[in-house]
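For the record, the sequence lines run as chains R and P.
Going by UniProt numbering, 103 is the number at position 103 of the first sequence; the sequence numbering is gapless.
Going by UniProt numbering, 176 is the number at position 176 of the second sequence; the sequence numbering is gapless.
Possibly wrong hints are sitting among the right ones.
Stated by the list, open to error - Where chain P lies over chain R, by a calculated footprint (3+ residues, C-beta under 8 Å): (1) 20-32; (2) 41-55; (3) 79-87.
Bear in mind the hints are in silico, worked out from the structure with no lab data behind them.
Given the structure is predicted, the values throughout are model-derived calculations rather than measurements.
By construction, the Cβ of each residue, glycine as well, lies at the ideal position given by its N, Cα and C atoms.
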Amino acid sequence: MDKTKLKQQALFMRTSLFDEGFLDEQFIQLEELQDDVNPNFVEEIVTLFYTDSVRLIYNIERALMSNPPNFTKLDDYMHQFKGSCSSIGAKKVKKECTRFSEYCATENFEGCFRTFQQINLEYSTLKKKLVTYFQVTTLILEKDKMKLRRLVEML
Amino acid sequence: MASQLHVLAVDDSLVDRKVIERLLKISSCKVTVVESGTRALQYLGLDGDDASLRFDTVKVNLIMTDYSMPGMTGYELLKKIKESSVFREIPVVIMSSENVLTRIDRCLEEGAEDFLLKPVTLSDVRRLKDFIVKGKVKEGEKISRKRMRSIDCSSPLSATCSPKSLPCDPSPSLLSTLSAKKARL
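Just chain R, with the same shape it has in the complex:
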């Protein structure tokens, strides 16, 4: 696909992610930390988030299985997970995390359990969208690199 089309696609995807409420301002903050030396910083952080949060989610899952439920522990684990979501600008996931914490506060296990399903859903949806988005942005970067290499070879 030619670069103009790729750029259009990337722009469309990025705009949708914000318009549909998947991402918030924090994602833009991360984009501002990118430069020519670190062009993949956002992708690196997002990848780190998805790798690191596996164990946080696992902790919450395990805690949900304990009988009687330990709401203090659940809230603790969720607080950690929510913090990470906040750091990458994962707006919808973060919203569900807040809901989960509210159910913890009222010791509503049913609410916690239902919300956790929602969290997982939003978490996976965002992951798919971001993976696709970064595939496109990486392609654009690759094309730029190739162009530069060809220019250098011509000199």
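With chain R fixed as given, assemble chain P onto it according to the hints.
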């Protein structure tokens, strides 16, 4: 003095450590990131022997720490730093995802320079850096003024040496900045 500012950042979250490191590096700071209060104290040399007896104390211009951490909280770390004769003058900034007024008050009362709501932004870091650099400049001016005074007074031919009145510290602007920060939150 063209040396870089050295910031020690403390956070138990891997993602947040990476972000704060990048924020600081992009702001031309030298960064050391650790994952806990215990590690921070180890790095500063406050974990065992009296640090004031060491010759090679590490030079840090600012400490930024997360509040909620397992083991030692940011507040506990803040207290330990303020108890140290070597490090108590270093500004400590607390970062937290929760906007709890009692928590903020507690930290500021314990001597925290500032309380930042997470996620920390580039403008937060820039503002902090400016504040620290200004402090260093003031320090440099005070020292050079002191030197000039001693040159005046040591001259045998000078009559009475009228000491210049130096501005006393802490500057009132610092106190108003603190209350302004509280008001902002």
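Hint check results:
1. 20-32: holds (count 4)
2. 41-55: With 6 residues in contact (Cβ-Cβ under 8 Å with chain P), the coverage given for the stretch 41-55 of chain R holds.
3. 79-87: holds (count 7)
In summary, the structure agrees with every hint in the numbered list given earlier.
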